[in-house]
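A.B. asks: As given, the protein sequences belong to chains U and Y, one line each in that order.
With this note's numbering as the guide, the letters of the first sequence map in order to residues 30 to 319.
With this note's numbering as the guide, the letters of the second sequence map in order to residues 7 to 260.
Don't take every hint at face value.
To be verified - One side only, chain Y facing chain U, incomplete, derived with CB under 7 Å: (1) Ala14; (2) Val63; (3) Ala97; (4) Asp98; (5) Phe101; (6) Pro102; (7) Ala111; (8) Arg114; (9) Val245.
In short, the hints are calculated from the structure, not lab data.
Because the structure is a prediction, the values reported are computed rather than measured.
Don't be surprised by glycine CBs; every beta carbon is placed ideally from N, CA and C.
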Amino acid sequence: MTVLHWLTDPYSSEFMRHALLAAVMVGIAGPLVGVWIVLRRLAYLGDAMSHSLLAGVAGAYLLGASITAGALVAGLVMAAAIAAFTLHPRLRADAVIGAVETALFAVGIILVSTRSDRIGVDLSAYLFGQITTVTTDDLRLNAALVAAVVVAVSWFGPDVRAATFDPVHARLSGIRVAGLEIVLLVMLAVAIVVSLQTVGLLMSVSMLVTPAATARLVTSRTTTMTAVAVTVGVFAAVVGLTASYHLDTPPGATVALTAAAVLAATFLAHLPRRAHRHRRTAFVAPTPAP
Amino acid sequence: MVTAERAAPALEVRDLAVRYGSRSVLSGVSFGLQRGEVAALVGPNGAGKSTLYKAVVGLVAHDGVVAIHGTACHHRSPRWNAAYLPQRIEADLDFPITVGQAVLAGRRRFLRARRWARTEDRDAVHAALARVGLDGFASRPIGSLSGGELQRAYLARALAQDADVLLLDEALSGVDGPGTRAMLHLLHDLAGSGATVLVATHDLALARRRFDRCLTLNGRLIGDGPPGRTLDGERLEAVFGSHLDPDHALEVVA
């Protein structure tokens with residue numbers, strides 16, 4: 030089997046073509062937001078946000094409402110709660126994130142427990158992803174959400190960059206730093222919602238953080254970092270989905286593992302260059318005195 | 007004819023008071039700096055130097071009046087004409103940003119609804135970098151700069167902002183002798199072009215030798231005038247709470 034056949038064979042069926050489109054969207058939205066999450070050292074926030082969305086997913090399921098809408102509502106609730114609690118000068122962001130995450134996750138667990146007879150199996154699709162069930166309507170909704178993320182990142186990107194690099198100067202420049210934090214939280218919630226069916230809640234953070242961390246290894250510019258992160262995200266999504274078809278492994282986990290493999294390979298590829306630089310420095314330094 | 011606005015000081019502070027909770031940090035501080043003036047702000051740790059700067063640029067709430075070029079500033083409103091170089095810049099130096107991009111942040115006031123820099127913004131960045139002697143540094147990562155170069159890059163950001171009131175809070179701390187001399191030369195050069203500069207320093211010897219005017223502060227303004235008058239033994243004792251020899255105070259205070 031040639032590489033071309035290996036890549037194209039899985040997509041002869043419509044449901045796999047839908048799955049591919051959904052995966053590519055995750056590969057775009059996750060890294061776009063993930064770059065800022067990584068640069069602001071908030072990888073933990075991504076993990077916390079994904080857990081907190083369980084309340085929205087479970088609530089929407091019980092009410093018979095849209096799962097995506099439920100997850101979005103939970104994400105917005107988390108964003109609002111974090112923004113409100115961090116107004117108090119004695120509460121630091123990490124403590125607030127931990128408290129709000131566990132509270133919303135607890136709500137999700139309680140909701141699940143009320144109907145554990147039938148909700149458990151269906152919810153696993155959102156916890157671990159079930160990409161092969163993506164419908165045309167799901168794709169349309171996800172495309173709209175990804176477009177919103179692209180617009181938000183393009184519009185707010187320069188201000189987020191300024192506020193991340195030097196928050197005091199950003200404030201003095203007239204940038205509403207607190208407002209940007211809320212925008213970032215909402216974008217994060219949207220990016221995780223986009224990945225619900227593809228990689229699932231529990232592994233959504235992999236498509237946020239891993240491509241961005243990979244990009245950070247190879248560049249010192251935010252714009253280049255964003256481009257590289259999206260490239261890695263789309264690559265991991267496509268290759269991971271294709272590999273899962275051939276290997277008969279869960280698609281979400283395979284996509285997450287592919288992204289991790291790219292990170293590991295990039296890390297290893299950059300080790301020799303560093304070692305070489307150190308060796309060269311060590312060689313040059315002891316110049317004999319005249 | 008000289009208009010009232012032209013005659014106004016570049017920076018005027020009147021009856022400024024700042025409280026952190028129930029604790030009064032500054033009270034009754036009044037002074038004015040004329041266009042092109044370079045002055046030192048001297049005081050011990052905890053005297054309120056950083057708080058004074060933060061009040062002037064609107065980072066902390068205050069009572070009293072801060073006026074820039076005769077226009078009174080509202081609390082917490084952006085004060086575009088004043089640039090603040092803090093004692094400890096909280097910038098993330100591991101952040102993947104170039105020197106040019108960092109200086110471009112100073113152009114934010116001109117971008118407004120427009121999000122992207124125009125040629126004139128990029129030209130302003132290059133001109134500001136050239137002014138501080140960092141020509142050719144625009145594409146370097148900010149984390150690769152030395153301490154002195156970093157201070158000059160922040161000064162370039164202030165110049166790109168078109169700020170003509172420059173507030174340097176211990177910005178010369180950690181800069182070596184030649185770096186300090188170069189920075190002071192640059193500040194005086196900028197003052198010659200119309201900038202107004204207030205430099206906070208612990209270094210009494212430096213203040214005495216390199217500044218024509220010194221403001222001494224310890225919760226309130228204690229002295230304001232030439233260093234020979236404001237940094238004499240008796241007044242220093244009032245500022246620092248113990249006797250200091252102004253010519254050899256660097257080692258004692260730093």
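A.B. asks: None of the hints should be skipped; say for each whether it holds.
C.D. replies: Here is how each hint holds up against the structure:
no.	hint	in the structure
1	Ala14	22 Å, violated
2	Val63	6 Å, holds
3	Ala97	4 Å, holds
4	Asp98	6 Å, holds
5	Phe101	5 Å, holds
6	Pro102	5 Å, holds
7	Ala111	5 Å, holds
8	Arg114	4 Å, holds
9	Val245	27 Å, violated
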